[in-house]
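Here the sequence shown is numbered in numbering that gives the first Met the number 0, starting from 0 and rising by one per residue.
Don't take each hint at face value.
[As the list claims (entries may be wrong)] Dumping the calculated SDA-like pairs for lysine to any residue here, alpha-carbon to alpha-carbon at most 25 Å:
1) K240 <-> N211
2) K475 <-> G444
3) K35 <-> E362
4) K205 <-> G140
5) K240 <-> L270
6) K72 <-> D188
7) K245 <-> K468
8) K151 <-> D188
9) K427 <-> K391
10) K468 <-> G417
11) K205 <-> E215
12) K379 <-> P318
13) K124 <-> H360
14) K420 <-> R462
For the record, the hints were derived by calculation from the structure and aren't laboratory data. Predicted model only: the values in this text are computed from it and were never measured.
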Amino acid sequence: MPRKCPLEQYRNIGIMAHIDAGKTTTTERILFYTGKTHKIGETHEGTATMDWMEQEQERGITITSAATTCFWKEHRINIIDTPGHVDFTVEVERSLRVLDGSVTVLCAKGGVEPQSETVWRQADKYKVPRMAYVNKMDINGANFYRVVDMMKDRLKCNAVPIQLPIGAEADFKGIIDLVLMKAYIYTNDLGTDIQETEIPADMAEKAQQYHNELIEHVAETDEALMEKFFSGEELTIDEIKTAIRKSTIANTMVPVVCGTSYKNKGVQRLLDAIVDYMPSPLDVAHIKGINPKTDEEEERPTSDDAPFSALAFKIMTDPFVGRLCFLRVYSGKITAGSTAYNPGKDVKERFGRIVLMHANHREDLDEIMAGDIAGIVGIKNTTTGDTLCDEKAPIILESMEFPEPVIRVAIEPKTKAGQDKMGLALAKLAEEDPTFKTYTDEETGQTIIAGMGELHLEIIVDRLLREFKVEANVGKPQVSYRETIRRAADQDTKYA
0 MPRKCPLEQY
10 RNIGIMAHID
20 AGKTTTTERI
30 LFYTGKTHKI
40 GETHEGTATM
50 DWMEQEQERG
60 ITITSAATTC
70 FWKEHRINII
80 DTPGHVDFTV
90 EVERSLRVLD
100 GSVTVLCAKG
110 GVEPQSETVW
120 RQADKYKVPR
130 MAYVNKMDIN
140 GANFYRVVDM
150 MKDRLKCNAV
160 PIQLPIGAEA
170 DFKGIIDLVL
180 MKAYIYTNDL
190 GTDIQETEIP
200 ADMAEKAQQY
210 HNELIEHVAE
220 TDEALMEKFF
230 SGEELTIDEI
240 KTAIRKSTIA
250 NTMVPVVCGT
260 SYKNKGVQRL
270 LDAIVDYMPS
280 PLDVAHIKGI
290 NPKTDEEEER
300 PTSDDAPFSA
310 LAFKIMTDPF
320 VGRLCFLRVY
330 SGKITAGSTA
340 YNPGKDVKER
350 FGRIVLMHAN
360 HREDLDEIMA
370 GDIAGIVGIK
380 NTTTGDTLCD
390 EKAPIILESM
400 EFPEPVIRVA
410 IEPKTKAGQD
420 KMGLALAKLA
430 EEDPTFKTYT
440 DEETGQTIIA
450 GMGELHLEII
460 VDRLLREFKV
470 EANVGKPQVS
480 YRETIRRAAD
490 QDTKYA
């Protein structure tokens, strides 16, 4: 079956940030403006499409990464919205492993916050090209220029604004595009009525200064552009965009845009920037892996004609379809009903159904190809980090490393009948989440659960009750005290 969308028009991106920077709110606006949804969901009302779990809707935070697909200007954008809370950092880690680019959302007031630095380091680890979106330009204390300086200072990155805000706090009303040198003023609450105008006179000098800095940065990427720049010639818009894209993909530059997602300003221009500057699967390095037969490194080109290879990056239990395995396809293609090979476990897996995910909604697909992210129903033995490939051309792709749990508590069911149910439920939850561990303490006989923090374990216990109908008590693990010889002692004994 031929492709509906050419591979060069794919964008696989993640939305990552510190908690409450506005990731999910931004994603909800992206879905609205691309026509994926027809009503804007709000996190504080518990109606956000991407926060589909009951716990997420109640708490107003993202707990699990959610995937969706939308289209903008004939480009297919696969988005993964990730949590900002440190307890769920595994969701960011495994999402970044399979994505080609990411948008870091920063609060215009808070700037670079602790979890912003953590997710940035995770993206550094996988060499993921990034751009930054300075959100909440309408709140008190918003300062775009301070955030750009913080990025340079704390993240040690080459942050280059490609937009400037017009006004700030309550007076924020639009943006200046430093590539096109045009102003865009938002005139209605839904952000759908945008007026393109000349740059306001009071900002003309600042806009020209930042435009010149941008041109200097892009001229450094190419000798031909450098010559043109020094000879005083104007660079064309296409030349500037191509150079920004090249620098972003090479991780030598981080384009910075701005807006306020909650007030619906700046999101369409963010989408334009994603399409213009984020890499397609063809722009990133070919995936490498080890051939299990020869133990030699091999490379798989991003092509539908290459042998099939994919990485399982997430397992979840769906109440309607059962075990669901999320895959990123790196090369080749496969149809529903076909069989793939798991070289790590030396088993064959049958692809019962292939589904395109939109948060927790599913759309059946006949086939997936290189660059696609999809869910597979029917896979039994594959776990997070496993490779699935063509049996005739086996390859083991680089897996993922996950942090060890930092907190442990004892857990027991409230009723005797719940013991077996709890064991099965904990095993399923541990399979979904590599940072959650469960085991029985041999000395005390207690069941111990371990995770990344109190909130993490609180959510686990809550899910036991809601999804598996197991009521449980938690408490401190018992300590097994042992006696030991501390020092030498004299002993007198009389024999009668």
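Hint by hint, here is what the structure shows:
1. K240 <-> N211: holds, 14 Å
2. K475 <-> G444: holds, 14 Å
3. K35 <-> E362: Holds. K35 to E362 sits at ~13 Å (cutoff 25 Å).
4. K205 <-> G140: Status holds; Cα separation ~20 Å.
5. K240 <-> L270: holds, 14 Å
6. K72 <-> D188: holds, 23 Å
7. K245 <-> K468: violated, 52 Å
8. K151 <-> D188: Outside the cut-off at roughly 33 Å; violated.
9. K427 <-> K391: violated, 32 Å
10. K468 <-> G417: Holds. K468 to G417 sits at ~9 Å (cutoff 25 Å).
11. K205 <-> E215: Given that 25 Å is the threshold and the Cα spacing comes to 16 Å, the pair holds.
12. K379 <-> P318: holds, 16 Å
13. K124 <-> H360: violated, 31 Å
14. K420 <-> R462: holds, 13 Å
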